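These protein sequence lines map, in sequence, to chains X, H and F.
Read in numbering that gives the first Met the number 0, the first sequence has 305 at position 306, and its numbers run on one by one without any break.
Read in numbering that gives the first Met the number 0, the second sequence has 233 at position 234, and its numbers run on one by one without any break.
Read in numbering that gives the first Met the number 0, the third sequence has 128 at position 129, and its numbers run on one by one without any break.
Treat the hints as calculated values from the structure; they're not laboratory data.
There's no promise every hint is true.
[Said to hold, decoys possible] Straight-line Cα separation of at most 30 Å, DSSO-like style, residue types lysine-lysine; simulated pairs:
{"no.": "1", "chain 1": "F", "residue 1": "Lys53", "chain 2": "X", "residue 2": "Lys326"}
{"no.": "2", "chain 1": "F", "residue 1": "Lys53", "chain 2": "F", "residue 2": "Lys114"}
{"no.": "3", "chain 1": "F", "residue 1": "Lys53", "chain 2": "F", "residue 2": "Lys64"}
{"no.": "4", "chain 1": "X", "residue 1": "Lys326", "chain 2": "F", "residue 2": "Lys128"}
{"no.": "5", "chain 1": "F", "residue 1": "Lys87", "chain 2": "F", "residue 2": "Lys64"}
{"no.": "6", "chain 1": "F", "residue 1": "Lys114", "chain 2": "F", "residue 2": "Lys87"}
As the structure is a computational prediction, the values presented were derived from the model and not from experiment.
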Amino acid sequence: MKLLFAGLPQRALAALGLFLLLLLVAPWVVNGYILSLLVVMLYFAYAGQAWNVMMGFTGQLSLGHSLYVGLGAYAAAMMFTKFGINPWVGLLVAVATTTAMGVIIGFLAFRFGIGGVYFAILTIAFSEFVRIGFDHWTWLGGSGGLFLPVANLNSNDLLNLRGAPVMFYYVMLAMCVAALAFCRWLLGSRLGYYWQAIRENEDAAAALGIPVFRYKMFAVMISSAMTAFAGVFYAFYYNNLFPEQIFSMGRSIEIILGPMIGGLGTLFGPIIGAFVLTPLADGLSELLQWVGIDVPGVKQVFYGVCLLLVIVFLPHGIWPVLARRLKLEREH
Amino acid sequence: MSDLYLNAAVGGALTGLVYGLMALGLSVIFGVVRVVNFAHGEMMTAAMYGAILLAQAFKLDPLIAMAPIAVAMFILGYGLQRGLINAFVTRPEHTQFMLLVAVAIILTNGQLIAFGPDTASVQVDYALDSYQFGALIIGKVQIIAAGTALAVSGALFAFFRFTLTGRAIRACADNYLGAQVVGLNVRHLYGLTFGIGAACLGAAGCLQLLLTNVTPLQGPSYTLLAFIIVIVGGMGSLTGALLSGLLVGVSEALAGVMFDPSAKSMFTFALLILVLLFRPQGLLGRRT
Amino acid sequence: MALLEVEGIGKHFRGLRALHEVSFSIPQGAIHAMIGPNGAGKTTCFNVIAGVYKPDGGSIRFDGKPIDGLRPDQICRAGIGRTFQVVKPFPGLSVLDNVVVGALNATADVAHARKEAMRVLELLHLADKARHPAASLTLPERKRVEVARAMATGPRLLLLDEVMAGLRPTEVDEMVAVFRRVNQETGLTILLIEHVMRAVMALAQHIVVLHYGEKISEGAPQEVVNDPKVLECYLGEEAL
């Protein structure tokens, strides 16, 4: 409902503008650590937005989205390290790969009427299957990992995505803005309406002339294609890929935390979710380390507790409540 | 060469029975409460750690620890169901699912914080004993584990078939509203069911500890394995869960011998995908 | 030529015979009703026409073309709209958006669809609830949204499944007036399943009666209502 920002009160547009402005000037005022944190926040905001297309809009629960991140990352990294092809062209290969995978999963699932929990488990199974596969694929590094040559941090080579963190920051910011605009456009289109109808009630949707299978496939394809971008970014930002990490279920869960906590199916949910969760979790880690506790798993417990609290007390996520409080809602 | 396969298959079958018991818990919970327990594997590793603590503190053999662990798990399961999950029985499926995902995350990482990422295990006196039948060599622990798993499963079947409470629980499964109408305290029975499922996990965990070690990060793998077994066997079918556990155990073991041991789970996933495509109700499930 | 021709359709579910050799036809522009006791197979008949079930035998022709075996969305695109006996609104969407989804079957342009949706909502006296979430409506209102949604798809034949249930007599009369008006102004053909005889007698030009999956009577309202077979199984001696 609070989906389109045509009709949003001026307050909301002003708030949005201010937010964007702050993000634009951030690199000049914050230190390197905060900048890298911001990049992570933007990354999860973007990835969450991509996942939201499948689940928030269309109601198809994918718990194996790290599969698309991983495939996109490896595809572009492969093109770069093995064939010397720049990431923008590598992106095309990445998108083709992830979309093909999405089509396979979607076709197998939807053709045979698999939905809900079974579908979620299917996505996990595929993700794990591919993870183990890459673990054994020695040409791309196997479980030892694939490494990109880290170039100098002084010059910014946008074509090859080699450069200072600032460059990556703006790339990620641009991706987020583009994703937001794209999703807003999607929601207001016939595609968006049909997706939501499918999410709400498939039988009714079919009775209204919606070819449900086709539109579910669109959702998977678009979601997986969008996620490929995140994968490519990941590869060139972190410069190392390990199947254990990038295809892991933990990563899949991290992707969905933003939208689930922020607000499933909304445009700003994934962004708010990522922007609230990431710094809190990081802050908690830092705090504990400062006190002398350096134990793996604390951040994840924090995520788990947040997710639990949101599901129990704020089932529609933070954003709808926040929007109401700050009177940023669309007029009714 | 065929000796290798024979041993692998038999070993796999015995392990598979323990898997079956684990999956039985999941099937019971889903069949009755209709909640998909995504924290299943994590609960099992918690039970395993419980058994390890008991072994360290009191030198308890996991077989003996099975009793207190199962009871503890029962109480935890009952509490979890009535305290948290009950409110979600009427909520949309994905919300329930995510709730348990959250519980799973907390459990896994809680264990990680408490016990660290290294493997932990229990060495029993008879760990290295084995029996030989011609070319077949079977470890004593394997036979004990499998036998106990069968016994516990049998007890569970008997419970649901012959006791009043068991039949009341089946009534809830068949008809939620009807059960309430005739005066059954459905919430209590749901709690019991979840508790029973958790107790199965407790038992299975102790038995699994006889066979292998544990780390907190195994939780998700066990969850996935339990789901695959239950889906392959048929959601809600208790016999299906056991048989499917056998099947998965055997195929995993054979795949480990024929291909790379670390690739054996690939085989299990492939099995899942095939079943979902061609017989989604599972081998013994009924098409809804 | 009739708009809808149903010939000898049968449907059974694992031993339960829900429909047996049911035949009837509906001419373009007419309003027909299907009545009968609960469990007679009326909704099953709808579901077979609407593509939810494939008939076990017989044929269904819409505008001369066979439609048995088509999927529900194909049936809708062919020109048949339907409501569900147990309403299936889109709870997370507003009332307007619910109907827009329907309207998007008739036009791909969202702006046009919104205009058309508002028009249909006004027709059904729901315009003031347009922005409300569908989940917040009362049951009679939800039934009207269901009707609006189906009407917005631009059908030539509208299948209405017990849309009058639970309405007060004045509300029933309002709905009857709406259907009559739409039928007269646009020639929309209507087949309604109804228990509310008030509506049936006011609207239907022809009635088909089902009992235990078979057609036991059919004809003009006055004939059917006085048919002893119908009185015995359904209406009772004091029907009106």
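field: Hint check against the structure, violated hint numbers in rising order
entry: 1 and 2
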